[in-house]
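K.L.:
So you can see what is in the structure, the chains are spelled out below.
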Amino acid sequence: MNKSELIETLAAKIEVPVREAVSITTTILETMQQALADGDAIEIRGFGSFVVKEYGAYTGRNPKTGEKIKVEPKKLPFFKVGKDLRERVNEEAVKAAKKKKKKKK
Amino acid sequence: MTLTKADIVQQVYKNHPALTKAEAAKAVETFLAISKATLIKGEDLLLSGFGKFNVKDKRSRRGRNPQTGDELILDARRVVTFKPSGILRTRVNGS
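First to last, the protein sequences are chains A and B. Per our numbering, the first sequence starts with residue 1, numbered consecutively. Per our numbering, the second sequence starts with residue 106, numbered consecutively.
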């Protein structure tokens, strides 16, 4: 699913015009991006959390040529899936695997 | 500081005068519910400009309990990963 499909689904479910759903979605994502840009964490119960990890400078290698390169310090956002979502994603996979096995027999 | 769902609801409420507080809360809840349902179905979720949530199937493998060193079998499982967009990465690095 991509952003425009999510927006259409959102518009239908909460019964607002699509352009309103576009603007709500933009606000939600912009709020989250701004928090991460400020170095803040995000915690959404049942969904997951985001933290910004800081990496110091290090000397890396170009894997193709083996050449040494300096890597500047950087920050990267990390996502940790929440317990509820993690379990439900996995449950579906387990169910699907069981169905497959039954068919084989 | 940590951003929570309540903060996001507040922001939606502030930016959208047409919505009541309850409607703003419902919009955020619904946004999250659609996202979760997509991932639970095993489908990836691409939010351009923000990032991509991938659903990956991991095969079962032999692992170890890091505390005791005992060998054990880790079952096959399905996990969610997140890859931040280029835009988000740039913004986090504050240029």
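Honestly, the hints are just simulated from the structure, not real lab data. Note that the structure is a prediction, hence the values are computed from the model and not measured. Glycine is no exception: its CB is placed at the ideal position from the N, C-alpha and C atoms. Some clues are possibly wrong.
Claimed, not checked - The following residues of chain A were derived to be distant from chain B, with all beta-carbon distances above 10 Å: (1) G39; (2) G56; (3) T59; (4) K75.
Unchecked claim - Once the Cα atoms are required to be at most 35 Å apart in a straight line, the calculated DSBU-like pairs of lysine-lysine come out as: (5) K131/B with K161/B; (6) K131/B with K95/A; (7) K13/A with K131/B; (8) K119/B with K13/A; (9) K110/B with K102/A; (10) K75/A with K110/B; (11) K141/B with K68/A; (12) K163/B with K119/B.
K.L.:
For every hint, state whether the structure bears it out.
P.N.:
Status of each hint after checking the structure:
Annotated as non-interface, G39/A brings its C-beta within 10 Å of a C-beta of chain B; the closest such distance is 8 Å. The beta carbon of G56/A is kept farther than 10 Å from every beta carbon of chain B, the shortest such distance being approximately 14 Å. For T59/A, the condition that its CB be more than 10 Å from all CB atoms of chain B holds, with the nearest at approximately 19 Å. Distance check for K75/A against chain B: the nearest CB is about 5 Å away, which does not clear 10 Å, and the non-interface claim fails.
A distance of roughly 29 Å separates the Cα atoms of K131/B and K161/B; the hinted pair therefore holds under the 35 Å criterion. A hinted pair counts as satisfied when its Cα atoms are at most 35 Å apart, and K131/B with K95/A qualifies at roughly 30 Å. For a cut-off of 35 Å, the pair hint linking K13/A to K131/B stands: about 10 Å separates their Cα positions. Distance restraint check for K119/B and K13/A: the Cα-Cα separation of roughly 21 Å lies within the 35 Å cut-off, and the hinted pair is therefore satisfied.
A C-alpha spacing of about 41 Å is found between K110/B and K102/A, which places the hinted pair above 35 Å, so the restraint is violated. Restraint check for K75/A and K110/B: the C-alpha separation of about 24 Å stays at or below 35 Å, so the hint holds. For the hint pairing K141/B with K68/A, the CA-to-CA distance comes to about 42 Å; that exceeds 35 Å, so the pair is violated. Taking the CA atoms of K163/B and K119/B, the gap is about 42 Å. The hint is violated against a cut of 35 Å.
Hints 1, 4, 9, 11, 12 from the list above are not met by this structure, while the remaining hints are.
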